[in-house]
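Asks: Chain residues, written in single-letter form:
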Amino acid sequence: MKRWVFLMTAIAAAASLGLAQKTKLTIESWRNDDLKIWQNTILPAFMKKYPNIEVVFAPTAPTEYNAVLEAKLKAGTAGDLITCRPFDQSLELFKSKYLDDLTGLKGMDNYSEVAKAAWSTDDGKTTFCVPMASVIHGFLYNKAIFKELGLSEPKTEAEFLAVLEKIKANGKYIPLVMGTKDQWEAATMGYQNIGPTLWNGEVGRKGLISGKEAYNKGGFLRAFEALAKWRPFLGNGYQAQAYPDSQNLFAAGRGAIYPAGSWDIATFRQMNPKLELGAFKPYTFPSLGITQCVIDDHPDIAIGLNAASKNKEAARTFLSWVASDEFAQLYANALPGFFPLANVSYKVDDPVAQQFLSWRKECKTTFRSSYQILSRNANPNNENDLWNASAQVLNGTMTPQQAADFVQSRLASWYAPQKGNK
Amino acid sequence: MNRKPFPWHIVVFLAPAVLIYTAFMIYPLVDSLWLSLNNKASSGAQVFVGLQNYGTLFSAETWSKPFWNALWNNIKFFLIHMLVQNPVGLLLAALLVTRIRGTALYRTLIFTPTILSVVIIGFIWKLILNPVWGVLNPIGINQPFLGLESTALPTLALISVWQNVGIPMMLFLAALIRIPEELMEAARVDGASAWTVFWRIQLPLIFPTVGIVAVLTFVGNFNAFDLIYATQGALAGPNFASDILGTFFFRTFFGYQLQPGDPYMGATVAGVMLLIILVGVLIYLLGWQRRLQNIQF
Amino acid sequence: MARPRWPQLLAIHAVLIAYSALALFPVLLVIINSFKDKLLIFSAPFSLPTTQSFTLEGYKTLQSTANFPAFFLNSLIVTGGALLLILLVSSMAAFALAEYEFRLNPLTALYLSLGIMVPIRLGTVGILQLAVDLHLVNTLWILILVYTAQGIPLAVFVLTAFMRQLPKDLKDAARIDGASEYRIYWLTLPLVRPAIGSVLAISMIPIWNDLWFPLILAPGEATKTIVLGASVFLGQFVNDYNAVLAALTLAIVPAVVLYFIFSQQLIRGITSGAVK
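Residue numbers (this note's numbering), protein chains in the order written: chain H, 1 to 422; chain V, 1001 to 1297; chain U, 2001 to 2276.
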């Protein structure tokens, strides 16, 4: 240790003696999966352009990120740049004066109002994080298995269930690769994946916020019912199957269909480059008269400036670069499945990622119903309730109606516009 | 006793421990307890609210339901340890004290899981019990034990027993070794079987250790957090079937995913945990230890 | 002690072997599979690696991404430092509590034993604030101090109980010879070796294995402990079984080796206490 300290002091002394002094920036992030990509691709490109700034990517595990970040911010040990979760989590940080106002940042005009919404104050006037990317939900499938069994991409719920039925009858592969151990997949890749089509996207989502819609009525209830139909097609022991298990099963070619977030594309490309990956968008429900698809195009990640940073000028330089087309191009291709939000031109090379992106044109878009405002309360918390209820529907410990009533009554218990809808 | 000038040496002996302990444990804890008597006003400022948070925790349904659930789970978790871990630890110690060949090796091997990180233990068992890997499928164990509401908690408790059994074993062993050999030899000469010697001589003599082991288990279990956090996550699924006070506290205090952290209610949960543990230890001190002293003296 | 006869002996060995196997099986499973080809990890988890299936792929991934030797050294410094401090200050305090009757004795004993019951984790936010004020965040010192505070209550409790049992005449004889109280304390230490052994064994484990405080107080790359390093790594490579098993192995093996060396001391401590 001591030698280390000595070394550091020596370096610091040398630097102050007139050698070119580098400003060092540290990025806090939960994207530990992307560590290599930041280290080897993204940051070198920036540092090449700005040789006086050194940037370090220091991720924490996603499950611990919020707690650790908050502790570090309180302690004043957090990095200069803070990766921002969407909506309330970051809004809270901004309100607590941990994040700087970035409304006037050079490059901020590269973003539309919608893109900035997840990281702006409720009145939309102030933006505090530079949007980086959104993720899109849909389904991935194993092309080789589909070919072997003579299946084609399903477009409607009936077709989807028929395909699953055939895979199950064949018996060689797990029809639907998803587990309920970690709970969030059931809500995120299940409920919020096929749900928006049923609740008509933004109409339904805004209806929940205004109190016109309820979780136990209409599309939101039907989404639970549609989710329950997945249950017979999940793999053996799916109750103990965690997210990484699902990834492993699908990457190893042991499963046919994988309810996905677009970020999974990059994971599978890396885990098994030989896997023949195909994709289809969330199916429609002609039997219910619903033929317009709506996808969950979810603003997921942004980056902000720590108010306590001592290197704000360099940090703002970096943030402006994040808003540039160079970054968008790099990011979109280094991490296929994260789609940059800036209105700059970038081209995605990965064909499957391209396909996900093309759904933006074919379908209406919305984002997860629980993210804006509704999960503001600590207990009961709408997002946690959705995880729990969706997992229980798939485990068969709750009926769709029970799940919907559970989520609704707990939302209505604190959220004024929903008070009448028990 | 004897009249002396001010006993500086007592201060010198006590000061380092008391200072470090006060600064890094008591002061932060008091700080936390103080938080539990406060809450955020609508303006965002901190205001003193007395015991109101505790009232909320016990009476408001959104708080009391998860709280009682966590407490009840915690009691089950503790009971499994008492019924499995400590008898097994005692049994192993009783076998080891016979000084058969290889005692040191056995002891070392059995204690091994205890020294491993809970993060690692959790991860290993999650792998082994995972039907997807299917290590145990050949011997007919292919149930998703950690994923079912009925089995998740007992499974976790048994993993914890597996890891921690070395501690009661060591404590019992240390106590058993201290029993004078002559005492047992005399009994054996009188024709007592090994079983009788154990029940009549060894067990009564290690009774203080039984008490210490019980209270250590109690305190350890009501502080437990890591194993469940590492294997089940902070939501302690499925459907909070494995939620204990430690995970409940963590979630409340630090928040989870979109759930914002609530330091005031978190501190309140911590306060209740403190109370429960305090009551348990008092029962031990007043009940168990006092009665023992009556026997001994 | 009289050796049991052979049928009994056999039964005892059988139980102990079975339990040792149960204790070691998961650990061995991890170590064996960390050297195996990814496909075989799944299809034949119990087979030993053969020349064909042997691979160091996981370790290579590990080497290129995480600095395990440095993490290990950090853990060693923190655990060793904290144990030393715990033993020193706790044995001093325990000696005072066991040896002298003074008005505040019961109160001090109660005060110090409060911490046995209270999870120090409940004071995390206060500790963090304190660490910031003392400029100790991201240092190994803060971990050592917090772990010492955490270890003191139980150590004092156990050591006091043992020291109370020591015969008075020995110490009184030393006093008559004119030994100072500090000298008497020093002479007492060897007599409580078994208790010191237990205290070391009980205190060492939670310190070495803690994830919480390194995560909150010293998550920097230079101060990461092995458990934090491994856990960050596990989070990062969670779907790469080779790398995960390699990381687990690296986290396990040094700890086990360290423990095997240490356990001899421990056993000697316990047995020598028994002989006396």
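Calculated from the structure, these hints are not laboratory results. Treat the hints with caution; some may be incorrect.
To be verified - Listed next, the stretches of chain H that the computed footprint assigns to chain V, with coverage defined by at least 3 CB atoms under 8 Å from CB atoms of chain V: (1) 87-96; (2) 124-134; (3) 181-191; (4) 224-238; (5) 381-387; (6) 391-400.
Ideal placement from N, C-alpha and C gives every residue a C-beta, glycine not left out.
Asks: Run every hint past the structure and note whether it holds.
Replies: Evaluated hints:
With 4 residues bearing a CB less than 8 Å from a CB of chain V, the segment 87-96 of chain H meets the requirement of three and the coverage assertion stands. Using a Cβ-Cβ cut-off of 8 Å, 0 residues of the segment 124-134 of chain H lie near chain V, which falls short of the minimum of three, so the contact claim is violated. By the rule of at least three residues with a Cβ nearer than 8 Å to a Cβ of chain V, the coverage given for the segment 181-191 of chain H holds, with 4 such residues. Residues of the segment 224-238 of chain H with a Cβ under 8 Å from some Cβ of chain V number 4, which satisfies the need for three, so the listed coverage holds.
Counting residues of the segment 381-387 of chain H whose beta-carbon sits less than 8 Å from any beta-carbon of chain V gives 5, enough to reach three: the coverage restraint holds. A stretch counts as covered by a chain when three or more of its residues have a beta carbon under 8 Å from one of that chain; for the segment 391-400 of chain H and chain V the count is 4, and the coverage holds.
Of the numbered hints listed earlier, the single one contradicted by the structure is hint 2.
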